[in-house]
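Asker: On the provided structure of chain X, position chain U as indicated by the hints.
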Amino acid sequence: MSTATDRDGHDDRGRGRGGDLTSLLDPRSLPLRHQFGLVGLVLLAIFPLFVPTTDIPTFIGAIYLMLFAMSWDAVSGYTGQISLGHAFFFTLGGYGSAILNIQHGLNPFLSIPIATAVAALGGLLIGVPALRVRGPYLALITLILIPITRQLFVLFSDSFLFIAPGGLGGNSGFTTPTTPLVGAQPGAVITVGELGGLGRFVVGNLASYYVAFLLFLIVLVVLLAITRSDAGNVFKAISEDESAVAASGLNPAKFKIFAFVLSAAVGGLAGAMAVHSPALNPLPQQLLTIELSLTVIIAAVIGGIGTIVGAAVGAFAFELTEFIFGLSTLQFQLPLVGQSLEDLFPLPLFLIGVLTLFFLPEGIVPGNIELGRDALTWLRQRRGDREAAADGGESWAETEFEPAGRRNLEATSGPGGPSGFERTVERYRKRALEYGHDALDRTRRVIREYRR
Amino acid sequence: MSTTTDADTSDDSTSTGTETGLAAETAAGPDDGVLVVEHLTKRFGGLTAVDDLSFAVQEQEILGFIGPNGAGKSTTFNCITGTYPPTEGTVYYRGEDVTGESAYDMVKRGMARTFQSFAPLYDRTVVKNVALALTPDKLFSLSGLRGGTRDRAVEICERVGLGDRLDQTPGELPHAGLLRLELGRALATDPELILVDEPFAGLSNQEVGEVSDLLADLRAEGLTLVVVDHNMRGLLDLIDRAIVITFGSMIAEGTPEEIRTDEQVQEAYLGGEL
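These protein sequence lines map, in sequence, to chains X and U. Each residue of the first sequence is one higher than the one before, counting from 30 in the numbering used here. Each residue of the second sequence is one higher than the one before, counting from 199 in the numbering used here.
What the hints contain is simulated information worked out from the structure, not anything from laboratory work. Some hints here could point you the wrong way.
Unchecked claim - Derived lysine to aspartate or glutamate pairs resembling EDC-like cross-links, with alpha carbons at most 16 Å apart:
no., chain 1, residue 1, chain 2, residue 2
1, X, LYS283, U, ASP335
2, U, LYS336, U, ASP303
3, U, LYS306, U, ASP388
4, U, LYS306, U, ASP295
5, X, LYS283, U, ASP303
6, X, LYS283, X, GLU271
To be verified - Sample of chain U residues with no beta-carbon within 12 Å of chain X, all distances over it, derived:
no., residue
7, THR288
8, GLY400
9, GLY452
Glycine included, C-beta positions come from ideal geometry on N, C-alpha and C.
Here chain X stands alone, though its shape is the one from the complex (with noise of 0.2 Å):
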């Protein structure tokens, strides 16, 4: 561990002190990581162009389901401050922005940010007492506030104030249709696709996916140069012992305050912007449930907590799964279970989440980072002895066909000893096992209590 952080650290010293800007630009100058980050990216961009044009908004509202992921990992990945209520913060932004654009005729470039707005207003009223209630308890005082901001649109479904005199919606939410940010209706804010008949909407699809993608690039920006900067540093600090920031003279409140204010709005914007693209609406059942807040921690802890990245890998992972398990080819019954595929989502997926949780404490992007590295340092040391091992006359082809078996052998018994990469997967092996071995322990016991 200690050495892979070494290796780290003086690349990017390397890096930033040797290359001037130009070379610093040049992708093929990034790390690897890096590069695997920029393909990904372009595979965002370029992949609607390839899905059947009735699916994109699946992939709208993909896209902001990264958005709400990242906007958990900000504040709860970083500081570790749980909060499981975060469709409050999209149902404010979500919501926010509908009753302002509905109920007071707000043009959506107004709406949003005001909404925008509202939410990061939430996001300080959760922060505050998020500076004395610790752990479960804050835990459950967010997720209390599901519940009641529910009941709060049941009581008010009629008119609430000033503020929303068309009432809250109650449970089946806004009926009359939010003004879409772009869109192939004449009503949009921007107009797009004169082609006339279905093309048309296809074309206001795939712009509305734009709008959500340019939106995930700002805030992928925003986000990873907060996260990696100081501040991002104190958050982690924070999640690890409070009073080890305080004797290292910074305010752990104000740096607490500030990340569930950034993830608020962040959270908020993306619901804002979302119930004006066909991927959501402003219904309690999209936007205000439990399961929503729940999916998007699910998502963050399979792609890697406190990374950003790893959000919005793991909740682009979690709709891409649920939209293969919805497509119409795999509709048949499952054997055994008598149920079709598509009416197990989301269960798969959770049993992933649980299975990462056991086997990938890290998530998928932090433990591939460090696989990955081991991968290479251990091809660049057979490289090297390869080489070395030319010199004695041995012959390429020769190294290269060897059986498998034997050189992981020859590896492991080498003077180097085992390899950081064999010693990876030794240790996933051996996690494995060791978790196998407590379960059956586990089950022996109760199966032996069910017998008394």
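Answerer: Chain U alone, transformed into the frame defined by chain X:
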């Protein structure tokens, strides 16, 4: 309120004169030292952990703060460093009333502390632990980008004897290493005064010597140190002056020699009062 207290104590000092250090200490006023603690009392419910304690710390001295386990040393420390507010009494730092100020504000004023139980950040390397204390207390800062932070942090790590362990995590450090890391973080806040909580607990004789040397060097560079310990081993050789407390009250004050021969101290330590 504080003015009347001042008047009271100065009256005392004139009446009792300068016969003993103990009386002089009780008479401390805001400007009598870098750090002045006046009539400090801390009660937890019915338990009085610190009882009307007054003392002053002089510039560039090493003050020993001695007492058996449970005497109220750490509570005094925590009241001074803003972990929790005192029930009564006043704390002055450089003549200013800083009673009840938050821990990070005290650090910003130049008063750092170490934790007896160590409070490193286990998720990052030694050098990054120290670098955090170099970070400005601002939400948006670009200091990390300039790259100077790491160099400064490396320097401090070397200063406290962790130069060869920069990229290890605190979990990999031995006990003495964690203490050095505590000192490193304290130093990184650029302090004038460090409160060192039980540095010698759990150290070997050789390590006690090394840490003592380090603390003496720091003092020679201009720092003021208050060192807490319940164990006098090693401590009496290091300090200029000591305060001994038991059950939250001061029982002795003086040079190490005076402390060694003080009957009350021997009683407190050997349980002589039984």
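Asker: Does each hint hold? Answer for all of them.
Answerer: Results of checking the hints against the structure:
{"no.": "1", "hint": "X/LYS283 x U/ASP335", "result": "holds (9 Å)"}
{"no.": "2", "hint": "U/LYS336 x U/ASP303", "result": "holds (13 Å)"}
{"no.": "3", "hint": "U/LYS306 x U/ASP388", "result": "holds (9 Å)"}
{"no.": "4", "hint": "U/LYS306 x U/ASP295", "result": "holds (15 Å)"}
{"no.": "5", "hint": "X/LYS283 x U/ASP303", "result": "holds (13 Å)"}
{"no.": "6", "hint": "X/LYS283 x X/GLU271", "result": "holds (12 Å)"}
{"no.": "7", "hint": "THR288", "result": "holds (22 Å)"}
{"no.": "8", "hint": "GLY400", "result": "holds (19 Å)"}
{"no.": "9", "hint": "GLY452", "result": "holds (31 Å)"}
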